[in-house]
Each structure stands twice: as structure tokens, then as C-alpha cells.
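First to last, the sequence lines map onto chains L and C. So in the working numbering, the last one in the first sequence is 437, and the numbering has no gaps at all. So in the working numbering, the last one in the second sequence is 437, and the numbering has no gaps at all.
Just so you know, the hints here were simulated from the structure itself, not pulled from any lab data. Just to be clear, a hint being listed does not mean it is correct.
[What the hints assert, rightly or not] Covered by chain L, per the in silico footprint, the following chain C stretches (three or more residues, Cβ under 8 Å):
(1) 156-169
(2) 190-202
(3) 205-216
Glycine residues also receive a C-beta, built at the ideal position from the N, C-alpha and C atoms.
2 protein chains.
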Amino acid sequence: MTGGSSIRDVAMKGAGYYSSSTAGAKDVIDGATPLVLDAADALPIPEDGRPITVADMGCADGGTSMEMIGKVLAALRRRAPGHPIQMVYTDLPRNDFSQLFQNVHGLSDLASPFPDMPDVYCFASGTSFHKGIFPPGSLHLGFSATASHYVSEKPCAIPDHVHMVGATGPVRAAYEAQGARDWEAMLLQRARELVSGGRLALFNFGIDEAGRYLGHTGGVSMFDTFNELWRDLAERGAIAPEEYRDTNFAQCYRTVDQFCAPLTDRENAVYRAGLRLEHVETRVVRCPYERDFSDHGDADRFAAEYIPTLRSWSEHTFVAGLSPARPAAERQAIVDRFYDNYENRVRENPDGHAMDYVHIYLVCEKV
Amino acid sequence: MTGGSSIRDVAMKGAGYYSSSTAGAKDVIDGATPLVLDAADALPIPEDGRPITVADMGCADGGTSMEMIGKVLAALRRRAPGHPIQMVYTDLPRNDFSQLFQNVHGLSDLASPFPDMPDVYCFASGTSFHKGIFPPGSLHLGFSATASHYVSEKPCAIPDHVHMVGATGPVRAAYEAQGARDWEAMLLQRARELVSGGRLALFNFGIDEAGRYLGHTGGVSMFDTFNELWRDLAERGAIAPEEYRDTNFAQCYRTVDQFCAPLTDRENAVYRAGLRLEHVETRVVRCPYERDFSDHGDADRFAAEYIPTLRSWSEHTFVAGLSPARPAAERQAIVDRFYDNYENRVRENPDGHAMDYVHIYLVCEKV
Chain L
71 MTGGSSIRDV AMKGAGYYSS STAGAKDVID GATPLVLDAA DALPIPEDGR
121 PITVADMGCA DGGTSMEMIG KVLAALRRRA PGHPIQMVYT DLPRNDFSQL
171 FQNVHGLSDL ASPFPDMPDV YCFASGTSFH KGIFPPGSLH LGFSATASHY
221 VSEKPCAIPD HVHMVGATGP VRAAYEAQGA RDWEAMLLQR ARELVSGGRL
271 ALFNFGIDEA GRYLGHTGGV SMFDTFNELW RDLAERGAIA PEEYRDTNFA
321 QCYRTVDQFC APLTDRENAV YRAGLRLEHV ETRVVRCPYE RDFSDHGDAD
371 RFAAEYIPTL RSWSEHTFVA GLSPARPAAE RQAIVDRFYD NYENRVRENP
421 DGHAMDYVHI YLVCEKV
Chain C
71 MTGGSSIRDV AMKGAGYYSS STAGAKDVID GATPLVLDAA DALPIPEDGR
121 PITVADMGCA DGGTSMEMIG KVLAALRRRA PGHPIQMVYT DLPRNDFSQL
171 FQNVHGLSDL ASPFPDMPDV YCFASGTSFH KGIFPPGSLH LGFSATASHY
221 VSEKPCAIPD HVHMVGATGP VRAAYEAQGA RDWEAMLLQR ARELVSGGRL
271 ALFNFGIDEA GRYLGHTGGV SMFDTFNELW RDLAERGAIA PEEYRDTNFA
321 QCYRTVDQFC APLTDRENAV YRAGLRLEHV ETRVVRCPYE RDFSDHGDAD
371 RFAAEYIPTL RSWSEHTFVA GLSPARPAAE RQAIVDRFYD NYENRVRENP
421 DGHAMDYVHI YLVCEKV
């Protein structure tokens with residue numbers, strides 16, 4: 071459960087690793103399944119025999135969404151028996167699409183609904199969701215969970231924190247502007263691709279009305295802990311000041327207003343392209359490891375189980391922040407020490423640590 | 071250039087390995103490009119705005135067909151400016167689709183036509199071409215090269231050879247029957263998926279009118295050499311008799327008549343489904359390593375360059391033929407010795423060794 075590079079590369083560790091280390095991400099999708107089923111119920115069924123096209127954008131190995139996708143496809147199958155359905159999984163080119171297809175085709179430990187589903191055709195795309203993935207007017211239902219917080223490029227270094235949630239002033243503004251550009255680009259592409267009456271169901275990391283976000287829900291703040299422990303390594307001379315400064319997540323956590331603006335501002339290109347907000351809500355989904363800890367009370371076990379789920383998506387950023395002049399083994403040793411420090415901190419004082427998920431849930435309609 | 075497992079897994083060695091060790095396979099596709107361009111010129115362009123769909127079935131990393139596909143898409147782009155084109159690459163789930171997408175999106179050493187091609191949407195499928203890949207009536211041009219000789223299952227062991235080209239009697243008949251079943255299944259699926267006027271361009275390993283096939287064109291027969299050297303290991307006790315017997319390529323090389331029968335026999339389900347033979351020819355494409363050798367005359371160099379191209383697609387079969395009770399390192403050592411023996415044989419007496427490609431070229435129309 072150690073090692074790994076990016077949230078995408080983690081899938082390359084083999085069947086189920088990504089999904090098992092992100093049990094909470096599956097909880098988020100499972101809990102939001104009724105929203106996707108409602109969207110599927112509202113879709114127009116093509117009258118000319120064209121396929122119904124459903125997409126999971128930012129799919130990784132498909133593991134966290136497999137159960138939900140199975141329910142959605144079954145619902146569409148019941149609505150339109152015999153009508154061809156295209157299921158398209160998308161992610162960046164370096165994603166482990168082979169693991170995805172093995173999961174989809176029932177060749178891994180994961181239960182797959184696909185082998186038993188007639189007239190469903192499964193595809194993958196390696197095209198970024200900031201670009202055009204589908205022909206115009208061909209997408210019926212686009213789903214994406216926990217993917218749009220990645221921005222297409224880092225606008226600048228964050229000198230005093232590792233994540234934009236800890237940034238202020240012009241640095242914060244630069245990340246928010248990059249986040250707005252990418253979010254609008256993604257929505258504009260989908261507006262072009264959706265059929266009239268098509269839906270997007272988008273469940274993304276964000277900042278809720280109470281200022282909560284991932285791992286920052288009233289207890290010990292996860293990103294502040296990352297920052298403290300990383301800065302501590304700089305203060306001890308284990309990493310250089312420039313390495314501390316240049317270690318930043320290429321992410322933007324958007325507020326509810328920032329998520330909704332392109333869909334409600336009548337002057338915005340997304341609104342003008344016909345994309346409308348149908349539903350918005352925020353939810354906090356409890357960290358499954360902290361929940362288990364509240365049952366078993368074993369701090370050693372909690373620390374040992376909790377750190378891998380943080381590490382699975384964050385390690386790449388810390389490794390990448392270190393100077394490429396360091397040998398790979400040295401970089402790895404520094405990052406091992408960093409997570410060991412985090413684990414020790416949790417073990418010694420476990421209370422308040424929790425990677426609670428905070429998502430903004432949006433459903434949009436193309437009018 | 072050692073190691074590797076199947077012809078598919080070879081792509082996992084990284085960018086270009088598969089393609090560089092199969093330069094001849096690219097020669098075959100490059101030489102047949104006019105046939106594919108003619109087929110593309112004859113396609114009907116959808117009048118209702120539905121996308122034009124082109125497929126490369128059995129694509130591996132996409133490297134050997136990239137230049138040809140670029141020309142075909144450019145020709146279609148000129149015929150139908152602005153019309154959406156879907157390019158779908160298909161292979162089995164364990165194929166390295168990440169490498170494929172990196173090649174397609176211009177993220178590897180290979181030159182890719184895709185980043186500069188407007189309104190082209192690229193997808194992948196992990197569905198076997200013996201099954202349904204596309205919705206009915208949605209495929210315009212299906213291309214496949216050097217893939218259909220793999221049969222979906224081995225019908226029986228070949229007791230006295232490693233390949234069905236060396237088998238006789240009921241064993242040969244069993245492989246030919248399996249080859250016929252798989253070929254018809256593949257064609258029937260495509261007949262269902264093609265639009266009226268759609269084309270298939272299928273260039274496959276086969277046995278030509280003169281009895282020639284891959285590596286068996288008048289000089290030293292490659293498959294007979296494989297068989298002699300593998301049996302030699304059995305006779306020396308390096309492998310068990312059962313291991314010799316159970317080492318068989320899951321392949322069928324079909325004759326021209328066997329390839330054409332489903333397309334010309336009016337009682338055949340493929341013919342009845344509307345698939346017609348438009349063009350058939352056979353070609354021998356000279357082994358690029360033997361051709362180089364005829365220039366440089368250096369037997370050591372020829373042997374060193376020639377064996378890896380054989381090994382790239384054959385090694386998996388020899389490793390898989392060995393008892394799983396042997397440790398992996400022991401299996402690898404046996405197979406290393408086997409290819410060393412082949413290399414020594416070529417070095418000592420290079421004349422006549424050549425992996426000339428023998429393909430049956432078919433173009434079919436869906437009426």
C-alpha cells in the first residue's frame with residue numbers, strides 16, 4: 071500500500087488497488103446514485119435508432135463507479151429494450167485502460183454488470199475532458215466524480231502552502247481563475263456534445279457553504295497537516311526551501327457559487343450554449359477509516375489504514391515537488407519519512423483526523 | 071529485446087518496442103494502403119450527420135497502422151469536411167491501451183496525425199472481434215491486419231509440431247474447423263455492424279496459392295525450425311515430452327479458399343448477412359532483416375537482429391507450453407536457450423533464413 075505516483079497511476083498497481091484505497095470515493099458515488107438514476111429517467115430516447123451514449127469522465131479503473139453504472143445501464147435497458155447503448159469511459163492517456171477493460175469485461179475480482187447486459191457497447195477515450203471527446207449532439211448522460219478538481223496547469227507556485235485551500239491573495243485568485251477556465255472549458259465541450267434533453271451528473275470536490283472541504287470538516291485539517299509536516303522537513307534541512315515552495319497540488323477546490331456561475335449567469339458562454347443547472351447540493355461523506363476507528367478504537371490500526379488512502383492520491387505531488395537532481399531512491403526516502411511522520415502523528419493523537427469527503431453535487435440539463 | 075510474453079504484451083515494453091520489432095508488419099500495411107484508400111473513397115457519407123466510424127481491429131499499440139490511418143482519415147476529411155469521424159482502436163483487454171492513447175495523442179516518439187486532424191474523435195474498445203463491438207449499422211470502414219490468425223481457443227494439442235501448418239489429418243482439420251468458426255463469427259459480427267456500402271479491409275497471415283506462409287517461402291522454414299529446436303530440447307531432456315506436445319500456437323493460417331468461402335458461398339450465413347468479396351489477392355512482403363543482410367552480409371548482425379522479431383510474437387507460446395510447476399526463472403532460462411540455439415543456427419548458416427510475410431488481402435462490401 072506504499073509507493074504509487076499519481077491518482078491515475080495508482081490503478082497500475084493492479085486490480086482493485088485504486089478502488090480499495092478509495093473506499094470513500096465509492097461511498098460518494100453510491101450515495102449519489104439516485105441523482106444519476108433520476109437523470110437517466112429524464113433522458114430522451116433517440117427515435118432514429120442512434121445509440122444512447124453514457125460517459126464516465128475521469129474513470130480511473132472504473133472500480134468506484136461500476137455498481138452505480140450497472141444500475142444506470144439497467145434502468146436505461148428497461149426503458150429502451152434492445153436499443154443500443156454506448157458506455158464510454160474516459161481518462162487521460164496514461165491511465166491504466168487495460169485494468170479498466172479487465173474490470174469491465176469481468177476479468178478481475180470486481181463484479182461487472184457488462185457481461186450480462188445485452189446491446190451495450192463499451193469504449194474508452196484518452197481525451198482530456200477539457201477538450202472535445204464526442205461528436206456534437208451525441209452524448210446523452212455524462213457522469214464525472216471526483217475528477218474536475220485537477221486543473222490543466224498550475225498557474226503559479228504557492229509559497230506558503232501545498233494546496234490552494236491554504237493560499238490567499240493573488241495566489242489564491244490565480245488558482246481560482248485557472249479553476250474557472252478549466253471548469254468552463256469542460257462544460258462548454260459537454261454543452262456541444264450533449265443532445266437536447268441530455269444530462270450531466272457531476273460530483274466534485276469543493277468548498278461547501280460552511281467552508282468545509284476534503285479532510286477539513288471541523289477536526290484536524292488534512293491539507294494543513296500536509297503543509298506543516300512538509301514545511302517541517304524544510305526547516306530541518308531535509309528538503310530545500312525551493313522544494314517546499316514548488317510542492318503544490320495542481321488542483322482547485324471551487325465554492326458552490328464558482329461551480330454554479332457558468333450555469334446560472336445568462337452572459338456566460340456555457341449558459342448561452344444551453345447548459346442549465348437542474349440540481350445542486352453539498353454533502354459530507356464520512357471518512358470510512360475514521361468511522362471504523364470510532365468502532366474499534368485502535369489508534370495503531372487507524373493510523374496504518376488511514377495514511378494509505380491519503381497517500382494513494384497525494385504521493386505523486388510530493389515526489390514531483392522534489393528536485394529532479396536527487397536520485398529517485400533519495401526522493402522516495404524523503405517521501406517515506408514524510409508519510410511516516412504523518413502516521414506517527416495520527417497514532418500518537420488520533421482524535422480529529424478524518425478524510426471526510428466534501429462534494430458539490432450538480433445535475434445539469436442541455437436545453 | 072528479450073523477455074516479453076504475448077504479441078500484445080510486447081507493447082508493454084514501452085513506446086515503439088512492438089512497432090520497431092515488427093517493421094515488416096508496418097511494411098505490409100504501408101503497401102496495402104491504396105486498397106484501404108480505395109475502400110474509403112467508396113464509402114457512403116452519412117446524410118443525417120451521424121459520424122463516420124473507422125476501426126482498426128487488433129491494433130496493439132497502433133504503431134504499425136498509424137501512417138496508413140492518417141492517410142485514410144485525411145482522405146475522409148477531404149471528402150466530408152467538418153463531418154465528425156470516430157476512429158476506434160480495438161484489441162483484447164490486456165493490450166496496452168495506455169501506450170496506444172499516448173501514441174494517438176502525440177505523447178510518444180511516433181508521429182501521430184490525430185492532434186492536427188479536426189473533428190476526429192478517438193476511442194478504444196477491449197471487446198474481442200469475435201463478439202459485437204459496435205451498434206448495428208454504425209461501422210463504415212473496418213480495418214484489421216495480422217490479427218485474425220489467432221483463434222479463440224486451441225481445439226487440441228498438436229503432438230508432432232508447434233504450429234498447425236505442420237499438422238496433418240484430424241489435428242489439422244480441427245485447427246481448420248476452429249479457424250473457420252472464428253473467421254465466420256468475426257465476419258458475421260461485422261456484417262451486422264457495417265452500414266450498407268460499408269467496407270472491410272482485412273490483411274491476414276495465410277497460405278497462398280503456392281503453399282507459402284510466414285517464414286516459409288522457399289528457404290529455411292521458420293515454423294519447422296521452431297519445431298526442430300523445441301523437439302531437440304525434449305530429446306535432450308531439457309523439457310518433458312508433454313511440454314513439447316502441449317506447446318502449440320493458438321493460430322490458424324487459412325488458405326485463400328478458406329478466407330473467401332463465407333463471402334462467396336451463397337448458403338453461408340455471412341453471405342446471407344450481406345457481406346460480399348470485393349477484392350482478394352496474396353502478396354509476399356520480404357523480410358526486412360534478410361533484406362538488410364543481403365546488403366551488409368554480416369551473419370552475426372543478421373542473427374542478432376533477426377531473432378528478436380521472431381521472439382516478439384512467439385516467446386509467449388513457448389513459455390506457456392512449459393509446466394507451471396517450473397519456477398518462472400527456470401522457464402525463462404529454457405526459452406532463452408531455445409532462442410540462443412536459433413540465433414546460433416542462423417549465425418552459422420544464415421542462408422535461407424527469412425521471415426517473409428505472406429498475407430491474404432481481402433476487401434469486402436456490405437450490400
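Requested in this report: Count the residues of the region 156-169 of chain C whose CB lies closer than 8 Å to any CB of chain L, then report whether that count reaches three.
Outcome: Our answer is that it holds, as 8 residues pass the Cβ test (under 8 Å) against chain L, meeting three.
**Report entry** Verdict on chain L covering the region 190-202 of chain C, where coverage means 3 or more residues with a C-beta closer than 8 Å
**Finding:** holds (count 8)
**Report entry** chain L over the region 205-216 of chain C, status - at least 3 residues with CB closer than 8 Å
**Finding:** holds (count 4)
Going down the numbered hints, you'll see the structure goes against none, and every one checks out.
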